[in-house]
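**Q** All chains should be modelled from the sequences, with the hints used to inform the complete structure.
Protein sequence lines, in the order shown, are assigned to chains A and B. Mapped onto my numbering, the consecutive letters of the first sequence carry residue numbers 17 to 267. Mapped onto my numbering, the consecutive letters of the second sequence carry residue numbers 220 to 456.
FYI, nobody ran anything at the bench for these hints, they're computed from the structure. Quick caveat, the model's predicted, so the values are computed rather than measured. One should not assume that every hint holds.
[What the hints assert, rightly or not] A few chain A residues that face chain B, going by a derived Cβ cut-off under 8 Å, partial list only:
| hint | residue |
| --- | --- |
| 1 | 43 |
| 2 | 45 |
| 3 | 167 |
| 4 | 168 |
| 5 | 177 |
Even for Gly, the Cβ is constructed at its ideal location relative to N, Cα and C.
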Amino acid sequence: MLAALGGVALVFFALPLVGLVSRATPSGLWRQLGAPAVQAALWLSLEVSLVSLGLCLVLGMPLAFLLARVEFPGRALARGLVSLPMVLPPVVGGIALLSAFGRKGLLGGWLAEVGVVLPFTTAGAVVAVTFVSMPFLVMTIEAALASVDPRLEQAAATLGASRWRILQTVTLPAIRPALAAGLALCWARGLGEFGATITFAGNLEGRTQTMPLAVYDALQTDPEAAVTLGLVLLAVSLTLLMALRGRISRR
Amino acid sequence: MKGGLEVDAEVRRGSFTLALRCSVPEGCTVALVGPNGSGKSTVVELLAGLVPASRGSITLAGRVLERAPGLRLPPQARGLGVVFQGLALFPSLTALDNVAYGLRSRGLGRAQARAQAQVWLGRFELGELADRRPEELSGGQAQRVALARAMIVRPPLLLLDEPLSSLDVEARGAARTLLRGWLAEAPGVKLLVTHDLEDARAIADRLLVLDRGKVVAEGPVEALLAAPPPFLAAMMR
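**A** Rendered as structure tokens:
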């Protein structure tokens, strides 16, 4: 029973991938990889998703600590807000970003005054990707922090360790596997991001057209190219994900 | 009683109140015994600075650790040695780096701290296990690493919360004898929390009996066990 149902699930996941591979040809793959628009989209995807991953790490880790370790009024609400982008349709997320950071948005006018324009720019694509992917990192790290044995941190404190030293020597090593998983999830979500990006940052070749957007474009004109691009995205994602997880979970 | 421990403090936790009054002379090993829920672990947390006193003061070797409300040294500033229940060894560090941890936290260089830690591991017959991680140690070995980690800083107060509980019955007898020897050599006040009167009899000089958050008896171990008050007699059965 278990094997039967599990097997059905596995086939369910594998079949579309097999279908995708069966429709691609090696020569087509090669030709697509050489196309300037595809190369631009691929590099832009990597750039946007990695810059966003860095942002998620720098901002998301402190947020996860705040949510896990600091009692403050409205913490439940803050938790809800953080998980919101996970349940929101990404297009709605893009509209929400426009209403906050767009030209006529809440902060848009002020941002424009200091010379920061986000909509329809590469920076805007980074913002869109960060918005939808950071919850994956924050929630993974928060759960991991909550499960760290408080005795270990207390033992370090009695031995004279400063808070910074406790963090480095006890807390971070304890959440290391979760950090790897969180980074991988966060980055994978960012690499596949489509809806919020196209809504907030547009679909401008070389500036905001990441791989998922290029796939979408290709689908309108050349379905075969869309398949190939999809495969390229798949291969790159798989390689980087495995490398990232392997690197971080090993000491 | 200049070098000893003086405590007159209260801790409130929900409906439970710990009222601890005791004075332990320098060099003395005192066993804190009492039934489950009597507040033994709260005593450790209070002295280590992990829970605040709601009232009263703690003085160690002439230095005020806490005077509520207002003055409260954080755990880092107390300089105690603590062997926690369950030991709380750092899983990502080797035995050597676990033992060196307190010295490193005090700013000693890595090489020097490790050299001293190696000496302490040798003293506890763990010299060859320096590179092992806690998960690769037996219960008895882990217990000795935790003891070395706490003792290496030569604390004025050494707190041991059920240090023998991770050992099976056979290992326990031998460990008691060893522990008595090590504690006898250590300066400062030693406080041993145990639910086992045999541990207290074998290791401690004095006995402090705790029941429902209050000290109900205090005195030399042999005298108290020879003519036990009723609640102690009940524990002995």
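**Q** Taking the hints in turn, state whether each one holds.
**A** Verification of the hints:
1. Below 8 Å, beta-carbon pairs count as interface contacts, and residue 43 (chain A) has none with chain B, the closest being about 50 Å; its hint is therefore violated.
2. The interface hint given for residue 45 (chain A) is violated, since its Cβ lies 43 Å from the closest Cβ of chain B, which is over the 8 Å cut-off.
3. At its closest, the beta carbon of residue 167 (chain A) sits 4 Å from a beta carbon of chain B; the interface hint therefore holds under the 8 Å criterion.
4. Below 8 Å, beta-carbon pairs count as interface contacts, and residue 168 (chain A) has one with chain B at about 5 Å; its hint therefore holds.
5. A hinted interface residue such as residue 177 (chain A) counts as satisfied when its beta carbon comes closer than 8 Å to some beta carbon of chain B; here the least separation is about 4 Å, so the hint holds.
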